[in-house]
Amino acid sequence: NVVSVGLVEAVVFVGPVEVVVFEGPVEDVVFVGPVEAVVFDVVFVGPVEAVVFVGPVEAVVFVGPVEAVVFVGPVEAVVFVGPVEAVVFVGPVEVVVFVGPVEVVVFVGPVEAVVFLGPVEAVMFVGPVEALVLGVVVEAVGPATFISMV
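First residue of the sequence shown? That's 1 in UniProt numbering, and the numbers climb one at a time after it.
Do not rely on the hints blindly, as some may be mistaken.
[As the list claims (entries may be wrong)] Derived CB-CB ranges, DEER-like: (1) A131 x V14: 33 to 39 Å; (2) E103 x E18: 28 to 34 Å; (3) A86 x V133: 19 to 25 Å; (4) V30 x V106: 15 to 21 Å; (5) E121 x E18: 30 to 36 Å.
Calculated directly from the structure, the hints in this document are not laboratory data.
Ideal placement from N, C-alpha and C gives every residue a C-beta, glycine not left out.
Using the sequences plus the hints, can you model the full thing?
Written out as structure tokens, the structure is:
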């Protein structure tokens, strides 16, 4: 278990990780092994600049704004509460929820369920998609301006 309250500039986790909590701003973090639960709580402090998950991910929550995140391995559940600039999912994805606005998201592997509650600028699905939910009330939630399913 790791708890970080101050600024995190660069961290590399090589082995398996069970619980990590970042309450301060995060600049560069790399997870090489499997990750069970990670909470990024940066809503009052600062953004997440760059995070890479190489191994499998069970549950990750980003509360604050996110600049760039890459998931290479399989993902079970990820929630983005704040605004998101760029996210790439290379492996299979079970559930992803975007509450805030999203600029660019790319899904390379298969996707079971994705929910966009905020406005979306660009989304690309390269692999198969089982369920996609966009905000029902377009005026209150925001439109999806571009969605590409390859």
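Among the hints numbered above, which are violated by the structure, and what are their numbers in rising order?
Going through the list in order, the structure violates no hint and respects every one.
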